[in-house]
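Undergrad: Sequence:
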Amino acid sequence: MKHYLITDPMFYGSMPDALESALDVVYSHTLPDFALFRDKQTTHYRDLAQTFVAVSRSYRILRVLLHGDYLLAHELKADGVHLTSTQFDEIAEAKKLGLYVVISTHTHDEALKAQELDADAITYSPIFFSPAKGEPKGLEDLKEIVDKIRVPIFALGGIMTQEQIKAV
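Residue numbers (this note's numbering): 620 to 787.
Be aware that one or more of the hints could be misleading.
Claimed, not checked - Here are the simulated lysine-lysine pairs, DSS-like style, with alpha carbons at most 27 Å apart:
id: 1; residue 1: K767; residue 2: K714
id: 2; residue 1: K659; residue 2: K767
id: 3; residue 1: K785; residue 2: K696
id: 4; residue 1: K659; residue 2: K696
id: 5; residue 1: K714; residue 2: K696
Unchecked claim - Label pairs and their in silico Cβ distance ranges:
id: 6; residue 1: M629; residue 2: S677; range: 34 to 44 Å
id: 7; residue 1: K752; residue 2: R679; range: 11 to 21 Å
id: 8; residue 1: S640; residue 2: D728; range: 39 to 49 Å
id: 9; residue 1: L731; residue 2: S633; range: 18 to 28 Å
id: 10; residue 1: Q783; residue 2: Y678; range: 37 to 47 Å
Hint data in this document are derived by calculation from the structure and do not stem from the laboratory. Ideal Cβ positions, reconstructed from N, Cα and C, are used throughout, including at glycine.
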């Protein structure tokens, strides 16, 4: 099982120093395999992303990813990009730049499309209830996707308890 950290601005605000401190705390307790900088609210995305890449690299995170902007990911020398489910047409461009590409999927058709377009991995969500994320897919649906496609899958959405982690 791979661990995927996704940032939440609630824990670091809008200042690079605060992000660095928050990452130091997290990384000193657990080192995820993948780390994604996602912040849809900030007006300082570039500065925060630069800090995120530098700090994550210093902890030797396997894959350091930025959310949605493959050009910035390439410029800042992140390992890759996590694209949204509306960015399938950007997979090929990101791959041409040598980026590792993860894309969000929410249906079987999207998961198959991601595989056909040569995404390196997908997220599939929501597995369990997660506010404002739509109807939960459930474990049976997740198993069907796992059996159907060959690219690595990160299960997301409402996975909060140890029981849920073990079930996934």
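Undergrad: All hints are to be evaluated individually against the structure, with a verdict given for each.
TA: Now for the hints, and whether the structure bears them out:
1. K767 to K714: Within the cut-off at roughly 23 Å; holds.
2. K659 to K767: 32 Å, violated
3. K785 to K696: 34 Å, violated
4. K659 to K696: With a Cα-Cα distance of about 20 Å, the restraint between K659 and K696 holds, given a limit of 27 Å.
5. K714 to K696: 14 Å, holds
6. M629 to S677: 34 to 44 Å: With a Cβ separation near 23 Å, M629 and S677 fall outside 34 to 44 Å, so the hint is violated.
7. K752 to R679: 11 to 21 Å: 31 Å, violated
8. S640 to D728: 39 to 49 Å: Since S640 and D728 have Cβ atoms about 42 Å apart, the given range 39 to 49 Å holds.
9. L731 to S633: 18 to 28 Å: 38 Å Cβ-Cβ, so the 18 to 28 Å window is violated.
10. Q783 to Y678: 37 to 47 Å: 26 Å, violated
The structure shown violates the earlier hints numbered 2, 3, 6, 7, 9 and 10.
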